[in-house]
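Could you slot chains B and C onto chain A? The hints should help.
Take a look at the letters that make up each chain.
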Amino acid sequence: MIGLIASLIHGVLVGAVYGLAAMGLTLIWGVMNVINLTHGAMIVLGMFALYFLASALGLPPYGAVPVTIVIGFVVGVVVYWTAVHRVIGRGHLMSLLSTFAINMVLIGLGTALFSTSPYNVPVALPGITWREYTFTGAHVVAAALALLIAGLLYFLLHRTRIGKAIRAVADNREAAELNGIPTTQVLSFAFGLGAALAAVSGTLIATLFPFNVLSGGAYELKSFVVTVLGAMGNPAGALMGGVALGLIEGAATSFMPVSWTPVIEFALFVAVLILFPRGVFAFTRS
Amino acid sequence: MTVQELSPSVAEVAAQQPAEHRRAPLWRRPFMWLIVLVGLAFALLPAWSDNVQLRESLSLAAVYITLASSLNIMLGCGYVNFGNIVFFGLGGYICVYLVSERLWPLAAAALAAGVAVSLLALIFGMGILRLRGAFFALATIGVNEAVKAFVSNFEPWGGATGIYLSLDVYDPLGGPSQALWNVYFLIVAVMTASLFLSYAIKSSKFGLGLLAIGENEDAAAVLGVHTPRYKALAYSASALLPAIVGGLFFFKSGIIEPAGAFDLTGSIEAIVMVMLGGLGTVTGAALGAFLYEELRGVLLTTEAFSHFQLVIAGVLLLAIVLFAPGGLMGFIYRRWPRMRRLLE
Amino acid sequence: MTALLEVAGVSKRFGGVQAVRGLNLAVHDGEILGLIGPNGAGKSTVFNLINGVYPPDRGRIAFKGEDITGKPPYRIARHGIARAHQIVQPLANMTVLENCTVGACFGRANLPLARAQDAVREAAEIVGLADRLDQPAGQLTTAGKKRLELARALSARPELLLLDEVLAGLNPTEIERMIAVIRRIRDRGIAILIIEHVMRAIMRLSDRIVVLNLGGKLAEGTPRSVANNPEVIAAYLGAPEPAGQSADVSK
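Protein chains in written order, with the numbering used here: chain A, 1 to 286; chain B, 1 to 344; chain C, 1 to 251.
Isolated chain A (complex conformation):
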């Protein structure tokens, strides 16, 4: 029983990071009605960024966090102008394929450069001990940082001008354009922001688990599940969904081998979507 509770608490901590990752996805979806299939690659980008910044440049691991945000943002903007800008009006299929194509390129390059060997960034921090279970410092800090960044995102979206512009464009792009908002720049900013969130969540995940070039896919699936669980295009929903997923994972992994987790998550994803179509409708824009 205690073991289960420990798993659950552990799950909540990790779940906060999942929520952060999902925020990047839902932001882009909410603003421009595009499903960003480079999401997984962005997460991997964050993971490797941490590795190189920490080992090559000797940065303290958490110092890499702001750097990754910037890198993620820049890459996101580049991806927007390369693959997304031209296909925005052309229906879901095209943006799916174009972002997927970029994902293939990035992962392909990654595999060619780094092969599929696992990488690890050890983070030594004092943990919190409870009975015979320890919650490593890394987990606590990761969760705390995830919440902090989520809070910053909220602040950005609701208290700054650019945030207001983003929300206006998300609501009605034409009206925003008519009101003098440069919607294309706003869209590219929002995309960059979504990528940055994905990348920084990758960095945080890298402080917790070993990873390789192909890890992105699993976390991308988790982001989708979270998005569907949260059923809203807003940060709070994504965070709650992330924690919910973390809890479910925590409960599940005490009963079955970890390799089944993707199957469980996929089943959950499909089940939620089928049983709660409103979850999809809350997502679908007419």
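Bear in mind the hints are in silico, worked out from the structure with no lab data behind them. Glycine residues also receive a C-beta, built at the ideal position from the N, C-alpha and C atoms. A portion of the hints provided could be inaccurate.
[Stated by the list, open to error] Residues from chain A that face chain B, not an exhaustive set, calculated with beta carbons under 8 Å:
1. L59
2. A83
3. V87
4. I88
5. L96
6. L97
7. S98
8. A101
9. V123
10. R173
11. F209
12. F224
13. V272
14. L275
Below, chains B and C without anything else, positioned relative to chain A:
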């Protein structure tokens, strides 16, 4: 969602075509004979020259053409099946299992595999086809991964190591080397069937309904198209021939294991092939598959490029989506509008 | 005599808004029933409920005596109800002919592909699109697209046609043409339920009018009686047309 938006040239050219053209019965249309010709060419060219290398190359091309033209059926109603390879792999497993463990004759096993997989697809499809757009696409990847995980743990099918076929399964077909020829002819037959099926659907009322769904699913429903049923049938139809050809392919290879049978890269490549050739056209799927397979063959032999297979496919896909969404056929139709009458 | 379409006690709520409350209305064979009301009165919602886009929370809808409450749109189309939308939804990359063929093959007529041509030509003839059958639908003018909505709906040979603001965005000449088309449709025995804001037109076309306000029926009767109803006038705060023309009931 406008899938057909990428072939504006096709629509423009359709305007020049007399409406009565569509009423000629299937067997009298020139395109059907073109398909037969292609099938014969595939069968006879390597046979006459007894050229095993050519046979192998064409065999792979035929498999891809089958996958691509079946994929086209679903793509026509606007749903991208990223995980389409699952039909191929599952069909392969069922067929190989029936042949090696149950000692079924090949043709029956392959057919049974096809029927079983398309029935499963019908059932599964009814569930996941309620998802729109990217959710559906991702769900198909999930289906592939889930089936792969399941099969890896399924002992009767060899678990993670898979099934090895012993040489005596080839005896009923005249021994190993003769069997390879016979299986090849079967593969060519299936390829031809997939082109027929794709064309028949496209020219039918069913195909019109799918097209309407692809243009605007809600409008199609209001017009009376039974959208859930149509999508499920299309999904099921798109599973049949890949499953059969998967059975034949893995029988020929002599071995099947989870990683190879459910390889997502191959799945994605099928999509690239359809896009390359021209979405929504039968010729396009075939042409794209053939060209891509040749390209791939060349690249894989060059040491440097073999690492970059995914990258190249990705760049190609991106280029097509951004600059030539109509693919090769889109280009051809724009340049030579009269081809629209002959090809589909 | 049972009406062709009977809507009884129908209600629909969206979140905090009661869009339709306890609505009763009936459309009889061969009549044109006008549905008017200020913006937000619930008119389009009524159409969506009839044609199956979503089910009502309460109430019953019957067509030709058969209960169609909550059935999906494709079944309703098969029963014989067709709809021309307010926001046009052409199947843009298909030709006019193909668009109408979809209507003919999947609507009430349920024709096989080979025999759809006749129904399509007929519908295109009535609507005035016969000369543009091979044009891609996306390339039509707005007026053309509105006609396509009609032609597509007609190709199914429906018994009841739901017209949702088909005159919106048309200039006076186009409006006159459309009115003539609508009359021609009725002359073929098709009943019409029409939502419209162009008062002149709907008053001239309709045999009867139902006025909706805040989801409920405010008034019902002949165009003249409705036009002179003080509550209706109050709901609209005077003449609804910007030009200030009062409803011209004389044909």
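Non-conforming hints, listed in increasing numerical order
1, 4, 9, 10, 11, 13, 14
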